[in-house]
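**Q** Read off the chains here:
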Amino acid sequence: MTGRKSKKIRLCIYGALAVLLILIAVFSDRLCPYNPYEQNLAIAYNPPSLEHIMGTDAYGRDMFSRIISGARVSIISTLVLVVIISVVGTLAGTICGYFGGLFDTVVMRISDVFLAFPGLVFALAIAAILGGGVSNAVIALAFVSWPKYSRLARGRALAVKEMTYVKAAKLSGDTPLQVIVRHILPNTIGTMLVTAMLDIGTMMMELAGLSFLGLGAKPPIAEWGSMMSSGRSMLQTYPWVVLSPGLAIFISVAVFNLLGDTLRDYLDPKQN
Amino acid sequence: MESIIRVEGLNKTYSGKNAKQVLYDITFDVEKGEVLGIAGESGSGKSTLVNILIGLAEYDSGSIFFEDKKLEEWMKKPLEFYEKIQMIFQNPLESFDPGKTFEYSLTEAMRNRGVSKTEALQRASDLMVACGLPAEYLKKYPHEVSGGECQRAAIARALVIKPDILICDEATSALDVTVQKQIVDLLRSIKTEQDLTVLFICHDMDLLEEFCDRAILIDGGIIKGIYS
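Residue numbers (our numbering), protein chains in the order written: chain A, 1376 to 1647; chain B, 2 to 229.
Possibly wrong hints are sitting among the right ones.
Cross-link-like lysine-lysine pairs, in silico, DSBU-like; alpha carbons within 35 angstroms at most [to be verified]: (1) K1542(A) to K192(B); (2) K1542(A) to K163(B); (3) K101(B) to K1542(A); (4) K70(B) to K1383(A); (5) K1523(A) to K192(B); (6) K163(B) to K70(B); (7) K1380(A) to K141(B).
Rather than coming from a laboratory, the hints here were simulated on the basis of the structure.
The shape of chain A in the complex, shown without the other chains (with noise of 0.2 angstroms):
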C-alpha cells in the first residue's frame, strides 16, 4: 500500500469518528437515554451497571446521557471557537501580510501583547472580568487565541504574495481583494485548515478548564469541564464521575488531533 493511500484510509477513519462525535453532539436529545437533568436521589452515585452503563452522580442523574448531552456544549462550542479564531485570525494576517503598512504593524504589536502572555491565564482574566458561562469563555479564549493565526496567515501571505503567479494575476488585471481571495487564501487554506484541525484538541481542553475552574459552563449544564470540577472530590470513592467526562475529553481531544496529524500529512507535498 502506498504512503498516501495509507494516509487517505486514515484521514478518512479519523473523518469519520469526528463526524461521529459531531453527530452526537447535534443529536445529542435523541440519543440520551435518559433525561440528563432529572434528579433521582435515590440512586446518587451508583457505579456502572446494565442500567446505567457510566453510573450516576451525586444527584442521582446519568452519566452516560450527561456525557451524550455534554458533547453539545463541549464539541460544538470548541467547533464554534476554532472557527472564530481561524476565520478572524486568517483574514486579519493576509490583510496585514499582503498590505502591510500601519495595519500591518498595529495588529501584530496587538498580537505580540496577547502572546506575550500565557494563553490560559490571559483567558482566565478575561473570563473573569466578563463573568461566568459558555459563551463568555469562548468569547475569553477566542480573544487571547486569534493571534497565532494571523502570525501564520501573515507568514504565508508574505510568502505567497512574492510569487511570480501572483505578479501574473495582477497583470491580468486582478483587484488586491481579488489577488487574496483568489491566490492567497486558497495557498493558505491548506496550513490553517491542518493548524485549525490541530487546534481542535487544545481548544476543548481549554475550554473544558475554564469550566473546570468555575469560568465556563455553570452546573447543571451538562459540560464536560464542569462535569469534572463537581466530582473531583469523589475521585476516590466514586471515580466514575470523574473518569467518564475525562475519557470523553481525552477520546474527542484524541480524534480531532490524529484527524489534523493525518490531514498536515496528507497534504503536505514532502511527504507524498
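Position chain B relative to chain A; hints supplied.
**A** Just chain B now, with coordinates in the frame of chain A:
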C-alpha cells in the same frame, strides 16, 4: 519610427540595510513593432528594469512613457494598462497558480474585463491551439505538463487580451535548448502575426542577435551600449 515606450533618466535604489543603487540614469526608447533585446549578466538590473516598466516595482527618479503618457497615469487604470502590455516570466511553472487549471489562469484576465465565460473559453482554446497545445490542456494543472508546454500556455495567457507590447523576461532560459528554439519560433511567428512590440530579456547573445532588431547591454545598472 514612432516610439511606443520611452524611458528617461531612470534610477532605482533598493533601500534597507544593504542599500544599493541598481539602475543608473537609464535612457532608451522602444519603437513600435520592433524586438528590443535587453542583455546583461545576472544582477545587472535587467529584471528590475522590466518590473518597473510593467508597474510591479517602483523607481526613484526619471520618467517612463507609454505612447507619450506617463506610467503613473496608466497605473491609475491598471485594467487598461495591462491590455497594452503583458509579460512572460522566466519560470513557466512558477508563473501559474499551482491550484488552478490553465483554463482558470487563461480566462482570468478576460473575466476581469467582463467577457462572457463562453467567449473567454473559446478565445483561450484558440490561443492554446495557436501556441501549439491541444485545447484539452485547458483542463490540466501546471504540474501536469512539461516546462515547454507550460511556457506555451504562459505565452497564450499573455496574448489573451491582445496586448501591443510583450515583455519576455528570460522566457527561454529555464528551458532546454530544443524547447528554447521552439519557443523562440513561436514568439517570432506571433510577433509577426499580431504586430507586437517585444522586449526580449536574455543572456544568450546568439539568440539576441538572431531574434532582436536592436539590443541594449546593461552592466552594473548602466547602459553600456545600444546595438543594432
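**Q** Just to be careful, I want the Cα atoms of K163(B) and K70(B) compared with a cutoff of 35 angstroms; is the pair within it?
**A** 20 angstroms, holds
**Q** Are the Cα positions of K1542(A) and K163(B) separated by 35 angstroms at most?
**A** Roughly 18 angstroms between the alpha carbons, so the hint for K1542(A) and K163(B) holds.
**Q** Within a Cα-Cα threshold of 35 angstroms, do K70(B) and K1383(A) meet the stated pairing?
**A** Measuring from Cα to Cα gives roughly 56 angstroms; hence the hint is violated.
**Q** Is the straight-line distance between the alpha-carbon of K101(B) and that of K1542(A) 35 angstroms or less?
**A** With Cα atoms ~15 angstroms apart, K101(B) and K1542(A) stay inside 35 angstroms; holds.
**Q** When you check the alpha-carbon spacing of K1380(A) and K141(B), does it fall within 35 angstroms?
**A** 23 angstroms, holds
**Q** Just to be careful, I want the Cα atoms of K1523(A) and K192(B) compared with a cutoff of 35 angstroms; is the pair within it?
**A** 51 angstroms, violated
**Q** Hinted pair, alpha-carbon criterion (35 angstroms max): K1542(A), K192(B). Please report holds or violated.
**A** Holds: K1542(A) and K192(B) sit about 23 angstroms apart, inside 35 angstroms.
The earlier numbered hints that this structure contradicts are 4, 5.
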